[in-house]
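*Asks:* Work out the full structure, taking the sequences as your base and the hints as a guide.
Number of protein chains: 2
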Amino acid sequence: MAKTYAEQAKLFKAFGDEKRLRILELLRNGEKCACVLTDTLDMPQSTLSYHMKILCETGVVEGREDGKWTYYSISNSGGQTAAALLLELTTVK
Amino acid sequence: MAKTYAEQAKLFKAFGDEKRLRILELLRNGEKCACVLTDTLDMPQSTLSYHMKILCETGVVEGREDGKWTYYSISNSGGQTAAALLLELTTVK
DNA sequence: TCATCAAATTCAAAAAAGTCAATATGAACC
DNA sequence: GGTTCATATTGACTTTTTTGAATTTGATGA
Chain A
440 MAKTYAEQAK
450 LFKAFGDEKR
460 LRILELLRNG
470 EKCACVLTDT
480 LDMPQSTLSY
490 HMKILCETGV
500 VEGREDGKWT
510 YYSISNSGGQ
520 TAAALLLELT
530 TVK
Chain B
440 MAKTYAEQAK
450 LFKAFGDEKR
460 LRILELLRNG
470 EKCACVLTDT
480 LDMPQSTLSY
490 HMKILCETGV
500 VEGREDGKWT
510 YYSISNSGGQ
520 TAAALLLELT
530 TVK
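Protein chains in written order, with the numbering used here: chain A, 440 to 532; chain B, 440 to 532.
If you are wondering where the hints come from, they were derived from the structure by calculation, not from laboratory data.
Glycine included, C-beta positions come from ideal geometry on N, C-alpha and C.
It is possible that some hints are incorrect.
Cβ pair distances, simulated, as ranges [what the hints assert, rightly or not]:
{"#": "1", "chain 1": "A", "residue 1": "Asp-478", "chain 2": "B", "residue 2": "Gly-469", "range": "46 to 56 Å"}
{"#": "2", "chain 1": "B", "residue 1": "Ser-488", "chain 2": "A", "residue 2": "Glu-504", "range": "45 to 55 Å"}
{"#": "3", "chain 1": "A", "residue 1": "Ser-516", "chain 2": "B", "residue 2": "Gly-469", "range": "30 to 40 Å"}
{"#": "4", "chain 1": "A", "residue 1": "Thr-479", "chain 2": "B", "residue 2": "Arg-467", "range": "35 to 45 Å"}
{"#": "5", "chain 1": "B", "residue 1": "Arg-503", "chain 2": "A", "residue 2": "Gln-484", "range": "42 to 52 Å"}
{"#": "6", "chain 1": "A", "residue 1": "Ile-493", "chain 2": "B", "residue 2": "Glu-446", "range": "19 to 29 Å"}
{"#": "7", "chain 1": "B", "residue 1": "Asp-481", "chain 2": "A", "residue 2": "Val-475", "range": "44 to 54 Å"}
{"#": "8", "chain 1": "A", "residue 1": "Glu-496", "chain 2": "B", "residue 2": "Thr-530", "range": "14 to 24 Å"}
{"#": "9", "chain 1": "B", "residue 1": "Arg-503", "chain 2": "A", "residue 2": "Gly-498", "range": "34 to 44 Å"}
{"#": "10", "chain 1": "A", "residue 1": "Asp-478", "chain 2": "B", "residue 2": "Asp-505", "range": "20 to 30 Å"}
{"#": "11", "chain 1": "B", "residue 1": "Gly-502", "chain 2": "A", "residue 2": "Cys-474", "range": "39 to 49 Å"}
{"#": "12", "chain 1": "A", "residue 1": "Arg-467", "chain 2": "B", "residue 2": "Gly-502", "range": "31 to 41 Å"}
{"#": "13", "chain 1": "A", "residue 1": "Gly-498", "chain 2": "B", "residue 2": "Gly-498", "range": "20 to 30 Å"}
{"#": "14", "chain 1": "A", "residue 1": "Glu-457", "chain 2": "B", "residue 2": "Ser-512", "range": "21 to 31 Å"}
As a list, the in silico BS3-like pairs of lysine-lysine whose alpha-carbon atoms are at most 27 Å apart [stated by the list, open to error]:
{"#": "15", "chain 1": "A", "residue 1": "Lys-532", "chain 2": "B", "residue 2": "Lys-458"}
{"#": "16", "chain 1": "B", "residue 1": "Lys-452", "chain 2": "A", "residue 2": "Lys-458"}
{"#": "17", "chain 1": "B", "residue 1": "Lys-442", "chain 2": "A", "residue 2": "Lys-458"}
{"#": "18", "chain 1": "A", "residue 1": "Lys-492", "chain 2": "B", "residue 2": "Lys-452"}
{"#": "19", "chain 1": "B", "residue 1": "Lys-532", "chain 2": "A", "residue 2": "Lys-452"}
{"#": "20", "chain 1": "B", "residue 1": "Lys-532", "chain 2": "A", "residue 2": "Lys-471"}
{"#": "21", "chain 1": "A", "residue 1": "Lys-492", "chain 2": "A", "residue 2": "Lys-449"}
{"#": "22", "chain 1": "A", "residue 1": "Lys-452", "chain 2": "B", "residue 2": "Lys-471"}
{"#": "23", "chain 1": "B", "residue 1": "Lys-442", "chain 2": "A", "residue 2": "Lys-471"}
{"#": "24", "chain 1": "B", "residue 1": "Lys-449", "chain 2": "A", "residue 2": "Lys-532"}
{"#": "25", "chain 1": "A", "residue 1": "Lys-452", "chain 2": "B", "residue 2": "Lys-492"}
{"#": "26", "chain 1": "B", "residue 1": "Lys-458", "chain 2": "A", "residue 2": "Lys-492"}
{"#": "27", "chain 1": "A", "residue 1": "Lys-492", "chain 2": "B", "residue 2": "Lys-471"}
{"#": "28", "chain 1": "B", "residue 1": "Lys-532", "chain 2": "A", "residue 2": "Lys-449"}
{"#": "29", "chain 1": "A", "residue 1": "Lys-452", "chain 2": "B", "residue 2": "Lys-458"}
{"#": "30", "chain 1": "A", "residue 1": "Lys-532", "chain 2": "B", "residue 2": "Lys-492"}
{"#": "31", "chain 1": "A", "residue 1": "Lys-458", "chain 2": "B", "residue 2": "Lys-492"}
{"#": "32", "chain 1": "B", "residue 1": "Lys-471", "chain 2": "A", "residue 2": "Lys-458"}
{"#": "33", "chain 1": "A", "residue 1": "Lys-449", "chain 2": "B", "residue 2": "Lys-449"}
{"#": "34", "chain 1": "B", "residue 1": "Lys-532", "chain 2": "B", "residue 2": "Lys-452"}
{"#": "35", "chain 1": "B", "residue 1": "Lys-452", "chain 2": "B", "residue 2": "Lys-492"}
{"#": "36", "chain 1": "A", "residue 1": "Lys-442", "chain 2": "B", "residue 2": "Lys-449"}
{"#": "37", "chain 1": "B", "residue 1": "Lys-507", "chain 2": "A", "residue 2": "Lys-449"}
{"#": "38", "chain 1": "A", "residue 1": "Lys-532", "chain 2": "B", "residue 2": "Lys-532"}
{"#": "39", "chain 1": "A", "residue 1": "Lys-442", "chain 2": "B", "residue 2": "Lys-452"}
{"#": "40", "chain 1": "A", "residue 1": "Lys-449", "chain 2": "A", "residue 2": "Lys-532"}
*Replies:* Below you can see the structure in the form of structure tokens.
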């Protein structure tokens, strides 16, 4: 595993926030527009944007721009990579 | 999954810190005494104790007391539970 | 070009997490 | 009893993360 401790910590931190877990739960039902997430979660637009940036930077979520709108969806590789890493980190050699 | 968002976030936060990842890496080679961890990681005793509490509370690590000493080891169920949860959270329905 | 709308960014404040010296606890041995 | 040693806890402090109003960016359409 090539990741540094700092990179690994950043990845797991992405899952370590209630609001981001709520966002993921919504995205499990399929791609959502940022405006829908803001509305559903009753969250200021800048706060949602902050969390989406974290989720995208860690590869957990992918963003797709369409004109004025941005649609977010769960990256199927991101979660699998994180889960595999987590399992490795907790497996005795 | 019975866990609340707050409980889930707490679990992943346990993995979201460099020092705790280093501790886990050491424990992957087998049970270690707290004093060995403190020494190896060159960390103040109170700081190690703080991190061990977090790892134990989330079920990632188990502590075993033997007289004055406390030995820590990776819980094989803790990591598997966390990995399974992480995978579930990132799986589209 | 100009107005409008969605989303990103900025920035200052608030909240949460981490640090570590000092102290408390509690087991072992005299 | 009292001392010693390992670990936990406390409390004050620093650092990091999160928040949200205000602003900017960037695309759309009149």
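*Asks:* Does B:Lys-492 lie within 27 Å of A:Lys-452 when you go C-alpha to C-alpha?
*Replies:* Satisfied, since the Cα-Cα distance of roughly 18 Å is no more than 27 Å.
*Asks:* Is the gap between the beta carbons of A:Glu-457 and B:Ser-512 within 21 to 31 Å?
*Replies:* Check passed, 30 Å falls within 21 to 31 Å.
*Asks:* Do the alpha carbons of B:Lys-507 and A:Lys-449 lie within 27 Å of each other, as the hint requires?
*Replies:* Roughly 35 Å separates the two Cα atoms, so the pair is violated.
*Asks:* Need the status of pair B:Lys-471, A:Lys-458: alpha-carbon distance at most 27 Å?
*Replies:* violated, 36 Å
*Asks:* Holds or violated: 31 to 41 Å for the Cβ distance of A:Arg-467 and B:Gly-502?
*Replies:* The hinted range 31 to 41 Å holds for A:Arg-467 and B:Gly-502, with Cβ atoms some 35 Å apart.
*Asks:* May I ask you to test the hint 45 to 55 Å on the CB atoms belonging to B:Ser-488 and A:Glu-504?
*Replies:* holds, 47 Å
*Asks:* Would the hint linking A:Lys-442 and B:Lys-449 be met if the CA-CA limit is 27 Å?
*Replies:* Between A:Lys-442 and B:Lys-449 the Cα gap is close to 22 Å, so the pair holds against 27 Å.
*Asks:* Need the status of pair A:Lys-492, B:Lys-471: alpha-carbon distance at most 27 Å?
*Replies:* violated, 38 Å
*Asks:* Are B:Arg-503 and A:Gly-498 spaced within 34 to 44 Å by their CB atoms?
*Replies:* holds, 37 Å
*Asks:* Straight-line Cα separation of B:Lys-452 and A:Lys-458 no greater than 27 Å?
*Replies:* holds, 13 Å
*Asks:* Is it true that A:Thr-479 and B:Arg-467 lie within 35 to 45 Å of each other by Cβ?
*Replies:* Given a distance of about 40 Å, which is inside 35 to 45 Å, the answer is holds.
*Asks:* With a cut-off of 27 Å on the C-alpha distance, tell me whether A:Lys-449 and A:Lys-532 pass.
*Replies:* holds, 24 Å
Hints 10, 27, 32, 37 and 38, counting from the list given before, are not met by this structure.
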